[in-house]
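Asks: Sequence:
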Amino acid sequence: MLDVAWIRANLETAKEGIAAKNHSFAWERLLMLDDWRRHGISQVEALKAEKNTDSHEIARLKRERFDAADLIAKQQAAGAQIAAMDAELVVVEEAIRDILLSTPNCPHPSVPRGKGAGANKVVKTWGTPRTFDFPAKPHWELGEALDILDPARGTKVAGSDFYFLKGAGAALERALISFMLDVHTRQHAYTELFPPYLVSRATATATGQLPVHEEEMYHVKRDDFFLISTAEVPVTNYHREEILPAEVLPLKYAAYSGCFRREAGAAGRATRGIKRVHQFNKVELVKFVHPDRSYEELELLLADAEVILQKLQLPYRVVLLSTGDMSLASAKTYDLEVWAPGCDEWLEVSSCSNFEAYQARRAQIRFKEKGGKPQLVHTLNGSGVALPRTWIAILENFQGPDGSVTVPEVLRPYLGGFDRISKAPSR
RNA sequence: GGAGAGGUGGCCGAGCGGCUGAAGGCGACGGCUUGCUAAGCCGUUGUACGGGUAACACUGUACCGGGGGUUCGAAUCCCCCCCUCUCCGCCA
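If you read the first sequence in our numbering, its first letter stands for residue 1, the second for the next number, and so on.
The list that follows gives simulated cross-link-like pairs (lysine-lysine, DSBU-like), each with its CA atoms no further than 30 angstroms apart:
#  : residue 1 : residue 2
1  : Lys311    : Lys124
2  : Lys423    : Lys275
3  : Lys275    : Lys221
4  : Lys166    : Lys137
5  : Lys137    : Lys156
6  : Lys311    : Lys137
7  : Lys275    : Lys121
8  : Lys124    : Lys275
9  : Lys121    : Lys311
10 : Lys156    : Lys221
11 : Lys115    : Lys275
12 : Lys124    : Lys137
13 : Lys156    : Lys166
Derived Cβ-Cβ restraints for the label pairs, each shown as a range:
#  : residue 1 : residue 2 : range
14 : Phe132    : Ala202    : 44 to 54 angstroms
15 : Phe134    : Trp27     : 51 to 61 angstroms
16 : Glu57     : Val248    : 46 to 56 angstroms
17 : Glu50     : Glu16     : 40 to 50 angstroms
18 : Glu16     : Leu71     : 50 to 60 angstroms
19 : Ser102    : Val248    : 26 to 36 angstroms
20 : Arg412    : Ile243    : 38 to 48 angstroms
21 : Val248    : Ser200    : 19 to 29 angstroms
22 : Leu89     : Gly118    : 37 to 47 angstroms
23 : Glu57     : Asp224    : 44 to 54 angstroms
24 : Ala152    : Pro109    : 45 to 55 angstroms
25 : Pro374    : Ile41     : 19 to 29 angstroms
26 : Ala202    : Arg38     : 20 to 30 angstroms
FYI, nobody ran anything at the bench for these hints, they're computed from the structure. Quick reminder that beta carbons are idealized off the backbone N, C-alpha and C, glycines included.
Whole structure, please, built from the sequences with the hints as guidance.
Replies: As structure tokens, then:
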């Protein structure tokens, strides 16, 4: 969330930025409540100071065997007044927090202003989409023909938009996970984490999924757990309420996890295949960095994610999201979109964002220079990369006229060396 | 799930309801001493939110797992919750 003091000092910037994100902003109410809060604190604390002084005086009188009845009577009155004022402050502070929790982060000046995806800017394209001398098939046709993808049984077992991977399809998924983790840990110096899939309400609030996106998350009512929608949630919370020594920054984590999304807003949207599903796998990159360096770190994060697609030889493009298309918590986001010739579209496989201090303030993740005061870190994250769509891209980009699929070279060591997925003997 | 024990500052560890933001020790930092090292001596050593300052200084309040209660006054008494440890049960 944003800092009220910052909003007060940068009101026009805040109003512009939040409007650009298509959010309303009750700034007048917020500032009014904050004034109320600050004046209330001064008043009640003055009373408490007087009460404390009197308390010491009572203690002294008692020790010296004098009568303290008058002061004690005064204390009782003061106590009641303080209790009333404190109760009022609690209400005011909750109201302030409610506003801030639902107020988006301000976009960085370099982010294009615009209402939606139409204002996004393609900033880079890598690779050349392959030209086919036969009709390119979509992954659902390839996958079902190869007997490596089974959406029908996924639907039977769990419901619509669930699926099974089978045989070489399942192995390909597993190979991709291992490959990505190995690249990030060995070549990009990320530390691997394997996180919990169920998290508490406090954890989901700290990264910004709650309260605004509660309808997007699977909830385990009995224990008030939320199934993670991305490893970003547990991994960012890994350092919640900690003060890190400045010299450990930047901290870089790579985490594989399952991801669970209700896709509530997408219900009824026609999507064939497994482009949009309720459960998928993803390798997520999370960084905790010094605020002065967060925009450089964002570029590095993006480059780390891009390496995965380059090594897989998948054509992709980098899209700088406009203010209207960004997530609530982000100040700047690049999407990575991989080319899927069978679907004939670019599929988002990564979203690399700088959240600045927005998550760190909610989660109280700070660092301290030697002798300095604690300051909030900046958090960043991006997929490195998301799976079902990368799996889709491999099938569709590397399909042959006979419906077989060539395995990208970098994945072969993870698949016992085999280089082609074909109909014949299912493994 | 059952039974017991416990949660105090960076760490260890004291703490009669008032003089305790918290003894003592360790560690860290600053200074002195010292040929080097080791040791010794002196001092400093939390966080948040207000007020205050150009910035310090200074100052108020709160914080002894979390929340509530009793009391003029709670680390200390009472209640609820969370977590950790030990034993039993269950289980991949």
